[in-house]
Amino acid sequence: MAWFSKSEEKQKSGRENLWIKCKQCYSHIYENEWKKNLNVCPNCNFHGSIKSWDRVELIFDKNTFKELFANISPVDSLKFVDLKGSYKDKFEANKKKSGLSEAVLTGHGKINGIKVATAIMDFRFLGGSLGSATGEKILRAANYAYQKNIPYIVFSESGGARMQEGVLSLMQMAKTCNGIAKLNKKNIPYISVLANPTTGGVTASYAMMGDINIAEPFAVIGFAGRRVIEQTIGEKLPADFQTAEYLLKHGFVDSIVNRKDLKHFISNVLSYYNR
Amino acid sequence: MSSKSRKKNTADSNTKTAWEIVKISRHPNRPLLKDYLEHVFENFIELHGDRYFADDPAIAGGFAEIEGNKVMVIGHNKGKNTTENIERNFGMAKPEGYRKALRLMRLAERFNIPIITIIDTPGAFPGMEAEERGQAESIAKNITEMIKIEVPIIAVVIGEGGSGGALGIGVGDKILMLSNAIYSVISPEGCASILWRDASYAPDAAKALNITATSLMKLGVIDEIIKEPGEGAHNDYKKTFDQVKNSVLANLKLLENLSVNKLLDKRSEKYSNMGKFSTSS
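The listed protein sequences correspond, in order, to chains A and B.
Throughout the first sequence, residue numbering follows the working numbering, covering 1 to 275 in sequence.
Throughout the second sequence, residue numbering follows the working numbering, covering 1001 to 1281 in sequence.
Do not rely on the hints blindly, as some may be mistaken.
Label-pair ranges, simulated between beta-carbon atoms [to be verified]:
id, chain 1, residue 1, chain 2, residue 2, range
1, B, Met1217, A, Lys185, 40 to 48 Å
2, B, Lys1218, A, Ala93, 22 to 30 Å
3, A, Asn71, B, Val1260, 34 to 42 Å
4, A, Thr232, B, Met1217, 30 to 38 Å
5, B, Glu1084, A, Ser271, 48 to 56 Å
6, A, Asp61, B, His1048, 46 to 54 Å
Heads up, simulated DMTMM-like pairs for lysine to aspartate or glutamate below, C-alpha to C-alpha not over 20 Å straight-line [to be verified]:
id, chain 1, residue 1, chain 2, residue 2
7, A, Lys182, B, Glu1109
8, A, Lys182, B, Glu1145
9, A, Lys186, B, Asp1265
10, A, Lys186, B, Glu1150
11, A, Lys185, B, Glu1189
12, B, Lys1276, A, Asp76
13, B, Lys1148, A, Asp211
14, A, Lys185, B, Glu1269
These aren't lab readings, by the way, just hints derived from the structure by calculation.
C-beta: ideal position from N, C-alpha, C; glycine also.
Sequences are here, hints too, so could you generate the full structure?
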């Protein structure tokens, strides 16, 4: 079985060097075209995953972004081992593969001249999961916004809490919301941008707490997993369930904004901040 | 490799394995919120509804007294039997439950009385209507607001501390936990089915997740372990209630003399320090 799945993986990755298969409409897009279009499908407007550093380029004015708290990285405090090995081996392998030290990039920069603090999640690092170091960086960036009196923008793209850190990862929900609570008290704006996917403990903490919640088109945003809910209720869920469009309809996001328009939308909204 | 061959989790003081503790935490005769309301607290005045949508029977709350101290009690409301459990959705709350809890916490703040939350849930309800009405938002909101509430909050984990569903009423100044209760980011079964691809590895997942009171005390997630008598709370209700009552009263006393600013600073600091990470990458 192992040889089979491996060779299939190889084939797939070989193909991916040239063609990207859209996860929504399944059309094959030439990789260069996909990248030029900011990882958005030119055919159906599905917004694919985007690297944190590419997000920086897209959102921040040229040469204004400064990374902060890059020294913070995970530890395997529970010595967690599952069938596939230890958590430590897993995150070390992820570090090598992605060149990242955590699932979030934090820093400050200017958006059309407006100075902000930011945290940008990166799905490539353990599925953008929320662990202790992730939470610490998100809190520190919030504290930076608090100290400097500047707005805070968080971009989420995450499968939720990081199981391998047990309840410590659950506690990151409270830790990060603690940072948001402080911003609330000081009337500092906090904008949350939800990309595909934003689920579980991340949705149930800082990602849903934006003064303004912005979603990218077709992003899956939810608390419980679709499969779990289908098992609970014993029936199929509607196709648009837990999509950005579904959340807009039910009142949980302010607006759905195309990736190429995000920079303008954020700076436009912040131009109304009068303190 | 069957999970049956696993070693005893010797790290636990009472030498029970994590999985044995999971089973005790879910024991059918384990005392529930209702029992605590009757025997630890007095004169419970239940208050219903979130004022937006409905009253969620999976969470109950209201005014009560503990040794003459007036408090607000809010807890997950598991049932004693199938009928009760169906009515109360097995203690799995929906957004209206979390919103009711927040409404009652704000009421406690206005009345200037401490809040005691009682945690015992498999998790927040994973259903379509719950998602539609903002399960994630309701939990996120509670967590954020509980950081700001200007009266003391004591949370007591009496049985199952199921992930976000527990944390939605679980942020506080002091987190107490019964010695056979559990608190986890995911159920052992759920974790096993994802990371082991087989739910029958739940005992291994339970051990790996560090979900027992002893483990959580070491990790700095809880403040105090309330020791259960003998084989567990189900064997001696009276002793359990006495222990819980004493512990809650002692912690109330610790918190009652703090100024609001000091209380909130300490709470914020507590959550700022949660977690373990490296600063030398």
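Structure-based check of all given hints:
1. B/Met1217 with A/Lys185: 40 to 48 Å: violated (31 Å)
2. B/Lys1218 with A/Ala93: 22 to 30 Å: About 28 Å separates the Cβ atoms of B/Lys1218 and A/Ala93, which means 22 to 30 Å holds.
3. A/Asn71 with B/Val1260: 34 to 42 Å: holds (35 Å)
4. A/Thr232 with B/Met1217: 30 to 38 Å: holds (33 Å)
5. B/Glu1084 with A/Ser271: 48 to 56 Å: 55 Å Cβ-Cβ, so the 48 to 56 Å window holds.
6. A/Asp61 with B/His1048: 46 to 54 Å: holds (52 Å)
7. A/Lys182 with B/Glu1109: holds (18 Å)
8. A/Lys182 with B/Glu1145: holds (10 Å)
9. A/Lys186 with B/Asp1265: With a Cα-Cα distance of about 15 Å, the restraint between A/Lys186 and B/Asp1265 holds, given a limit of 20 Å.
10. A/Lys186 with B/Glu1150: holds (16 Å)
11. A/Lys185 with B/Glu1189: Not OK: A/Lys185 and B/Glu1189 at ~39 Å, beyond 20 Å, violated.
12. B/Lys1276 with A/Asp76: This hinted pair holds, its Cα atoms lying about 8 Å apart.
13. B/Lys1148 with A/Asp211: holds (16 Å)
14. A/Lys185 with B/Glu1269: Holds, at roughly 16 Å.
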